[in-house]
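Engineer: Same order as they appear, the protein sequences are chains A and B. Quick note: the first sequence uses our numbering, first residue 1347, plus one each step. Quick note: the second sequence uses our numbering, first residue 1347, plus one each step.
These are calculated hints, taken from the structure and not from any lab test. Check before you lean on any hint, since a few could be wrong.
Stated by the list, open to error - EDC-like cross-link-like pairs, simulated, lysine to aspartate or glutamate; straight-line CA separation at most 16 Å:
{"no.": "1", "chain 1": "B", "residue 1": "K1445", "chain 2": "A", "residue 2": "E1453"}
{"no.": "2", "chain 1": "B", "residue 1": "K1375", "chain 2": "A", "residue 2": "E1413"}
{"no.": "3", "chain 1": "A", "residue 1": "K1445", "chain 2": "B", "residue 2": "E1453"}
{"no.": "4", "chain 1": "B", "residue 1": "K1653", "chain 2": "B", "residue 2": "E1707"}
{"no.": "5", "chain 1": "B", "residue 1": "K1408", "chain 2": "A", "residue 2": "E1397"}
{"no.": "6", "chain 1": "B", "residue 1": "K1553", "chain 2": "B", "residue 2": "E1431"}
{"no.": "7", "chain 1": "A", "residue 1": "K1789", "chain 2": "A", "residue 2": "E1762"}
{"no.": "8", "chain 1": "B", "residue 1": "K1445", "chain 2": "A", "residue 2": "D1450"}
{"no.": "9", "chain 1": "A", "residue 1": "K1494", "chain 2": "B", "residue 2": "E1449"}
{"no.": "10", "chain 1": "A", "residue 1": "K1375", "chain 2": "B", "residue 2": "E1413"}
{"no.": "11", "chain 1": "B", "residue 1": "K1383", "chain 2": "A", "residue 2": "D1450"}
{"no.": "12", "chain 1": "B", "residue 1": "K1494", "chain 2": "A", "residue 2": "D1448"}
{"no.": "13", "chain 1": "B", "residue 1": "K1494", "chain 2": "A", "residue 2": "E1413"}
{"no.": "14", "chain 1": "A", "residue 1": "K1740", "chain 2": "A", "residue 2": "E1536"}
{"no.": "15", "chain 1": "A", "residue 1": "K1649", "chain 2": "A", "residue 2": "E1705"}
{"no.": "16", "chain 1": "B", "residue 1": "K1423", "chain 2": "A", "residue 2": "E1413"}
{"no.": "17", "chain 1": "B", "residue 1": "K1383", "chain 2": "A", "residue 2": "E1397"}
{"no.": "18", "chain 1": "A", "residue 1": "K1383", "chain 2": "B", "residue 2": "E1453"}
{"no.": "19", "chain 1": "B", "residue 1": "K1406", "chain 2": "B", "residue 2": "E1533"}
{"no.": "20", "chain 1": "B", "residue 1": "K1383", "chain 2": "A", "residue 2": "E1413"}
{"no.": "21", "chain 1": "A", "residue 1": "K1471", "chain 2": "B", "residue 2": "D1378"}
These figures come from a predicted structure and were not determined experimentally.
Protein chains: 2
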Amino acid sequence: MEEKKFVENITSQKEDFSRWYTDVILKAKLADYAPIKGCMVIRPYGYALWENLQRVLDEKIKKTGHENAYFPLFIPKSFLEKEAEHVEGFSPQVAWVTKGGDEDLIEPLAVRPTSESIICSMFSKWIQSWRDLPLLINQWANVVRWEKETRLFLRTTEFLWQEGHTAHRTQEEAEEEAIKMLNVYKEFFEKDLSIPVVAGVKTENEKFAGALRTYSIEVLLADGRALQGGTSHNLGQHFAKAFNITFQDVDGERKYVWQTSWGVSTRVIGALIMTHGDDFGLVLPPKVAPYQIVIIPIWKDEKDKEKIYNYVDDVATILREYFRVFVDKDEEHTPGWKFNEWELKGVPVRIEIGPREVEKEEIFVARRDLRTKISYKKINMVPELKNLLEDIQKTMFDKALKFRNENTYEVESLEEFKRIIDKRRGFIKASWCGNGNCEISIKELTSATIRNLPFDWKEEKGKCIFCGKDTNIKALFAKAY
Amino acid sequence: MEEKKFVENITSQKEDFSRWYTDVILKAKLADYAPIKGCMVIRPYGYALWENLQRVLDEKIKKTGHENAYFPLFIPKSFLEKEAEHVEGFSPQVAWVTKGGDEDLIEPLAVRPTSESIICSMFSKWIQSWRDLPLLINQWANVVRWEKETRLFLRTTEFLWQEGHTAHRTQEEAEEEAIKMLNVYKEFFEKDLSIPVVAGVKTENEKFAGALRTYSIEVLLADGRALQGGTSHNLGQHFAKAFNITFQDVDGERKYVWQTSWGVSTRVIGALIMTHGDDFGLVLPPKVAPYQIVIIPIWKDEKDKEKIYNYVDDVATILREYFRVFVDKDEEHTPGWKFNEWELKGVPVRIEIGPREVEKEEIFVARRDLRTKISYKKINMVPELKNLLEDIQKTMFDKALKFRNENTYEVESLEEFKRIIDKRRGFIKASWCGNGNCEISIKELTSATIRNLPFDWKEEKGKCIFCGKDTNIKALFAKAY
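Could you put the whole structure together from the sequences, leaning on the hints where they help?
Structural biologist: Encoded structure:
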């Protein structure tokens, strides 16, 4: 009874995907609504997940030669205004500090929506010569973009992210860097989060405010909507000119630097939930799960308890050397309640240990993703569990990729396009003439946008889905979060 | 010549300690002034140091059972006002957001100066039963306290810190927690940073706004001033009552929780610099130094270069398994310039490798703290360097402790007190009657404040240094940052 009631508390995906999403977050205690419009609290379980994501991504960012630094939260209004497109893109979303202590500020300070302008002001001071280049900086920080609605992890007024900011001697180097970091993100999503992504270039309408070109990785979620997983911008010399970032080149000439910026945020947690979750709750990939294994002792008689606890402690001690392990000895709840609880929390592997396991020197293992069960001999459990976790990591990716392939539609008429968007949604591959007006018209008609022009899609002759003009461009359309 | 000029760029401590401090920070590239009043930029070398401090302290915080979480940057004005002393203490320093996007906010939002009020509002939602206690939360975050002057790392409008927030069933548990975390800080300072501290309780005048009692650890810096290294507050039920944080106790009764909060900030970097630094620059303790060892190849002829580089690479490969190592192969600068540069940056151990070292299969080692030199056989270098780094860690602590002991004065008259404060400064041990008015008068006369009432100082009969009344209290006075 208790177990049944517990599971019934989560709305099923089919019934209401959006309520399922919120239910899972609140009940797994990943996050909670804060009493400030648009803001959320990341609770310990959600933050432990974020710390793992950070650790893995930070390592990749450092391995590619970047160093972390920290720049001020506040940006003077005049700085934000230096790059015309940039201010236009961000000012509707800026929170303004107008008072400090008792004094009214002469110039309002923006709470950073992104840090290009403050970082560029420092770059112009630090960069003098070609010897100072490339300058490869990353920052982990909170940023604020005013939102009217809250969608936990996906759309909140404040969120956490990393933002890379680099300056280079040549245009080629900057372009190479922008692509390199997009590939770092792709690898992070696909290998560590088991989330397949489509990498490509954004259209002019959808690029970052102030960028020359924006690249993105796009995820197809279980409800058929797209989510932008990360972006990498080739900023060209737009900011260099606005902030006068120049260097003396090898040839003695004074030149503007070429820049990039790139970011991934706590949105990835939303992508994780909505790619892998099911009606039992979260399903977390082993590489980033706060706990990879939970062990649940099962005993009825007090006389069994000590024997079982000893065996559990022994197993836990061995496994802790290799895995992130939690032992749930709570005696308030039944094992069945705990099974549900840890399934809800998405722990990749559950180990049940009862009198039978102790007697046979085994462990009884349930994998979260497929919900299948198997026994391992205790003596072999470490290599078996290593293989199992690897298999879960891979199976989750394969399942998500299969789902995406099954929900990617190549369409040739606007009617078909509309029908798909209205019914199942998904990724739509369609010809597009390259004109921004057609793009906007399609959006108005269908609420789908061009997510990007995927690198992996070869040029193909076709007719623009909106205006019918001949074109070689294939665009990835979807309804997006 | 080049080397001489380089060192001359740093003001000597004796000439102007305050300029020495700023010179070292700017030239070692720990931080830079930001173009916003009161704000700083933490540059990669300074941030790498902060990351190491974070890692070490975070581990201790987690080991004592706390979990990290993240709460909103913004706090509604009405929340800050709920605890009367709290708002009075902080409101002169608050930065206010009054505009979000295009709309003027009905209620201004404070940029968090500290997070008690927002966290308490969530605690009141999360805590229902004694089973939910203790609730042990920590947050790594940026906070803002409006400052008119900037002193890099010591006093900036925005700074980084961790803030622990806990709720307990009983008064005793809360008190135990407050003391436990003060001891965690003490161990962190003394074992990891080699900084001796004096732990004690703050006076009523100096306690945290809203606390029942504040504990602190106090550092004596090389210029004879004190710096508060960290604080831990027993909040009693002040916030529990203001935010209505209650739980159903074992006995079925509804009760208010007992709380603590505690924090350490980027100020510790200031403490590190001013405790250990010398006229050559930074001296960093091995446990937290971004690089523990720097290797500098020394060659004159191109024919030596390859041989030496091979040997250097071999040494570096071995050492990297045990230590944080940087190999400086830059060919723009002379070895002498590099020696100065890495001394300035405070790297604990420098290894010089020239033709002689290659030939004799040795490494030539200079320790930063004592500036002494020694050769090790390559075959023994790992254990030798391990011992050396441990010795540096310990020697730095001993030196700082000796300095503190030599600069702690027990005084019995106000004249002596004033003479010490005016001349050498230092820690002053003096009797105090316990009356806040005497404390304030002493401050007005001497600009020295009571840092804390040290735990290690036994009760001792004496007469209040100001009013002459009989007392058992001995207080630690100093001029503080």
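Engineer: Each hint: holds or not?
Structural biologist: Against the structure, the hints come out as follows:
1. Of the supplied pair hints, the one linking K1445(B) and E1453(A) holds, its CA atoms being roughly 13 Å apart against a limit of 16 Å.
2. Among the hinted pairs, K1375(B) with E1413(A) is consistent with the structure: their alpha-carbon atoms are about 13 Å apart, no more than 16 Å.
3. Between the alpha carbons of K1445(A) and E1453(B) the distance comes to roughly 13 Å, so the proposed pair stays at or under 16 Å and holds.
4. At most 16 Å may separate the alpha-carbon atoms for a hinted pair to count; K1653(B) and E1707(B) meet this at roughly 12 Å.
5. Between K1408(B) and E1397(A) the alpha-carbon distance is near 13 Å, which keeps this suggested pair within the 16 Å criterion.
6. Straight-line distance between C-alpha atoms of K1553(B) and E1431(B) comes to about 11 Å, which keeps the hinted pair within the 16 Å bound.
7. Using a Cα cut-off of 16 Å, the hinted pair K1789(A) and E1762(A) holds, with the two alpha carbons roughly 15 Å apart.
8. Between the alpha carbons of K1445(B) and D1450(A) the distance comes to roughly 13 Å, so the proposed pair stays at or under 16 Å and holds.
9. For the hint linking K1494(A) to E1449(B), the alpha-carbon distance of about 11 Å falls within 16 Å, and the restraint holds.
10. Distance restraint check for K1375(A) and E1413(B): the Cα-Cα separation of roughly 13 Å lies within the 16 Å cut-off, and the hinted pair is therefore satisfied.
11. Among the hinted pairs, K1383(B) with D1450(A) is consistent with the structure: their alpha-carbon atoms are about 14 Å apart, no more than 16 Å.
12. Restraint check for K1494(B) and D1448(A): satisfied, since their Cα atoms lie roughly 12 Å apart, inside the 16 Å limit.
13. With a C-alpha separation of about 30 Å, the suggested pairing of K1494(B) with E1413(A) is violated against the 16 Å cut-off.
14. Distance check on the hinted pair: K1740(A) and E1536(A) sit about 9 Å apart at the alpha-carbon level, within 16 Å; holds.
15. For the hint linking K1649(A) to E1705(A), the alpha-carbon distance of about 14 Å falls within 16 Å, and the restraint holds.
16. Between K1423(B) and E1413(A), the direct Cα distance comes to roughly 37 Å. Violation of the 16 Å bound is thereby established for this hinted pair.
17. For the proposed pair K1383(B) and E1397(A), the alpha carbon gap of about 32 Å is over 16 Å, so the pair is violated.
18. Restraint check: the Cα-Cα separation between K1383(A) and E1453(B) comes to about 11 Å, which is no more than 16 Å; the hinted pair holds.
19. Simply put, K1406(B) and E1533(B) have alpha-carbon atoms about 10 Å apart, close enough for the 16 Å limit, and the pair holds.
20. For the hint linking K1383(B) to E1413(A), the alpha-carbon distance of about 25 Å lies beyond 16 Å, and the restraint is violated.
21. Taking the CA atoms of K1471(A) and D1378(B), the gap is about 10 Å. The hint holds against a cut of 16 Å.
The structure fails to meet hints 13, 16, 17, 20 from the earlier list, while all remaining hints are met.
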